[in-house]
Amino acid sequence: MRRIVLPIVVLLLFVSESIFVDISPVGHLNTDYVFVPRFLMIIFVFIAVYTDRYQGMLYGFIYGLLFDIVYTGIIGVYMFGMSFIAYLMAKASKALLSNIFVTSLLGVVAVVILEFYVYIINFLIGYTDMQFMMFLQNRLLPTVILNSIFVLLIAFPIKKLITWLSVVE
Amino acid sequence: MPQFFLNKRLILLLVCIIILVALIGFSLQDRDKLSRPEMFVKDSVGWVQSALHRPTQYLVGVFQNIKDIQYTYEENKLLKERLDEFVQLQTEVQRLEKDNQSLREVLDKTESLTDFNKIQATVIARNPDLWEENITVNKGSQHGVEANMAVITAKGLIGKVKHAAPYTSTVQLLSSSDRSNRISAYVQGEKNRYYTIEGYDKTNGTLLLRNIPNDAEIEPGQQVLTSGLGGVFPSGLQIGEITEVVPDDNGLTRTAFVKPAADFYDIDHVIVVERTIASDEDLNDEEGEDEEE
Numbered sequence: 001m002r003r004i005v006l007p008i009v010v011l012l013l014f015v016s017e018s019i020f021v022d023i024s025p026v027g028h029l030n031t032d033y034v035f036v037p038r039f040l041m042i043i044f045v046f047i048a049v050y051t052d053r054y055q056g057m058l059y060g061f062i063y064g065l066l067f068d069i070v071y072t073g074i075i076g077v078y079m080f081g082m083s084f085i086a087y088l089m090a091k092a093s094k095a096l097l098s099n100i101f102v103t104s105l106l107g108v109v110a111v112v113i114l115e116f117y118v119y120i121i122n123f124l125i126g127y128t129d130m131q132f133m134m135f136l137q138n139r140l141l142p143t144v145i146l147n148s149i150f151v152l153l154i155a156f157p158i159k160k161l162i163t164w165l166s167v168v169e
Numbered sequence: 001m002p003q004f005f006l007n008k009r010l011i012l013l014l015v016c017i018i019i020l021v022a023l024i025g026f027s028l029q030d031r032d033k034l035s036r037p038e039m040f041v042k043d044s045v046g047w048v049q050s051a052l053h054r055p056t057q058y059l060v061g062v063f064q065n066i067k068d069i070q071y072t073y074e075e076n077k078l079l080k081e082r083l084d085e086f087v088q089l090q091t092e093v094q095r096l097e098k099d100n101q102s103l104r105e106v107l108d109k110t111e112s113l114t115d116f117n118k119i120q121a122t123v124i125a126r127n128p129d130l131w132e133e134n135i136t137v138n139k140g141s142q143h144g145v146e147a148n149m150a151v152i153t154a155k156g157l158i159g160k161v162k163h164a165a166p167y168t169s170t171v172q173l174l175s176s177s178d179r180s181n182r183i184s185a186y187v188q189g190e191k192n193r194y195y196t197i198e199g200y201d202k203t204n205g206t207l208l209l210r211n212i213p214n215d216a217e218i219e220p221g222q223q224v225l226t227s228g229l230g231g232v233f234p235s236g237l238q239i240g241e242i243t244e245v246v247p248d249d250n251g252l253t254r255t256a257f258v259k260p261a262a263d264f265y266d267i268d269h270v271i272v273v274e275r276t277i278a279s280d281e282d283l284n285d286e287e288g289e290d291e292e293e
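Line order of the protein sequences matches chains A and B. For the first sequence, the positions run 1 to 169 when the numbering used here is used. For the second sequence, the positions run 1 to 293 when the numbering used here is used.
Hints are computed from structural coordinates only; laboratory data are not their basis. Incorrect hints may have been included.
[Stated by the list, open to error] Keeping only pairs whose Cα atoms sit at most 25 Å apart, straight-line, the calculated BS3-like set for lysine-lysine is: (1) B:139 to B:155; (2) B:77 to B:202; (3) B:202 to A:94; (4) B:202 to B:155; (5) B:33 to B:202; (6) B:8 to A:91.
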C-alpha cells in the first residue's frame, strides 16, 4: 500500500506543474519574465539523495518520458535529462555533506542544469531563437527564484515523507 | 585510450546520447499521427489532468467572480446603452443573412468557406516548460477533432490542433515560436487583401503579418481575419487588429503588427472548428510542404 504513495505524490506534482502555469497570474502581467515550475526535478533530486540514486533515476526516466509525451511531444529530452541530472546530484551529495540544506541547494542546481540543457536542445533543433543573455535574464533567473521558493516550502515535508516511506519498507 | 573505452559508464552514456538523438529525430519528423502508445499515455494522463484541473479552474473562477462583482454597476450602465444599438444591429444582420441565403440559392452555391461545425472543448493542461505554447483539450478524434483544425475562443482564433489522440488533443497556440505556424489571413478593407501570419513577437505580444507590398493600403485599426485559403481553416475567423505597420529591413515590403483578439493566457473553454466544405487534398499537401520550410 505504501509503495504507491510516492508515485502518486509525484503524479500530483506532475499535473500541478501544468495547473500552475495555467492559473498563475504571471501571464496577465504582460512581462517578459518566464517562470517555469520545475517541481518534478526537485523531488527527483530528493528521492535520489534520500533513497538510492537508481530509484531517483527510475522516477526521472518514467516521469520524464510522460512529460515528453504529454506536454512537449519531443520524446527523450526530459526522459534522459531528468534521470541523468538526478544521478549527478546523488553523486554530488555523496561527495558533499548530506544535510537538508545541501540537498535543497542541489535541487536548485539541478533546476539550473535542466534549464540550460533544455535551452541548448531547443536552440539546436530550432524551436527557439532566444539570445543567451535574454535566456539568463528573462527565463533562468525568474525560474530559479520560483523554484527556490518551492524548495523552501517543501524540503522538510518531502524529506520526512521519503525517509518515513523507506523506513517502513 | 583503451582505459577510456573500457569505462562502462562512459559507454553507457554515449549509447544513451545516441538513443536520445535518434528519439528526437523520430519526434521531429513531420508526423500526422501519434503512435499508439503515445495516444494511450496522453489519454490516460488526460483523464487525471481533467479530474484535477476542473476543480482548480472552478476555484479560480469563484475568485474571479468576486472581483467582477465590484465592477458590475458601471458595466451594467454601459451595456444598457449598447443594448439599443444591438437590437438594431441584430435585425440588420438577420435581414442580410436572409438576403445572402436567397442570393446563394439563386446562384446554386450553397456551400461556403465560412461554414463550420463547432466542437466544444475544455482546456485540461498547459505545457509547463513554456518553450512551445501548447495546451491540451478534452476532445479528441472520437469527437471529430483532426490535426490542423482551427481552434477559437469566443473572442477569436487562438491556434490549431497539433495532434489528436482519441480523447484528448494538443493545440498549438499562435503565440508559439514555431516557425511552421503560418496562417493565411486577409485584411478587411474596401478591397480584401490576402497575406500570411508568420510568427509572433514575444516582447509586444503581437502577431506578424509579413510581406505587405509598399503600395497596399494597410492602416492601423483594420481587422485581420482568416481567409480560408490555407485549406483547413474556415474563412472569417477573427484574428486581431492591426496596431502598427513598419517597413521591413530590405525596404521592399512592410510588416504589420497584429494585436490578437483572443487572450492566449486566460483560456478555459475553446471551440474546435471543423470546416464543412471539403478541404482540397492538393491544397492541403501544398500547405504541408510550405510549413516544412
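Exercise. Taking 25 Å as the top limit, are the C-alpha atoms of residue 33 of chain B and residue 202 of chain B close enough?
Worked result: Violated, at about 29 Å.
Exercise. Can the restraint linking residue 77 of chain B and residue 202 of chain B be considered satisfied, given a maximum Cα separation of 25 Å?
Worked result: violated, 36 Å
Exercise. Has the given pair, residue 202 of chain B with residue 94 of chain A, been kept, meaning a C-alpha gap of at most 25 Å?
Worked result: Measuring from Cα to Cα gives roughly 42 Å; hence the hint is violated.
Exercise. Is the Cα-Cα distance between residue 8 of chain B and residue 91 of chain A 25 Å or less?
Worked result: Within the cut-off at roughly 17 Å; holds.
Problem set entry | Proposed proximity, residue 155 of chain B with residue 139 of chain B (alpha carbon, max 25 Å) | holds, 20 Å
For this session: Would you mind confirming whether the straight-line C-alpha gap from residue 202 of chain B to residue 155 of chain B stays at or under 25 Å?
Result: holds, 20 Å
Of the numbered hints given earlier, the model fails hints 2, 3, 5; all others are met.
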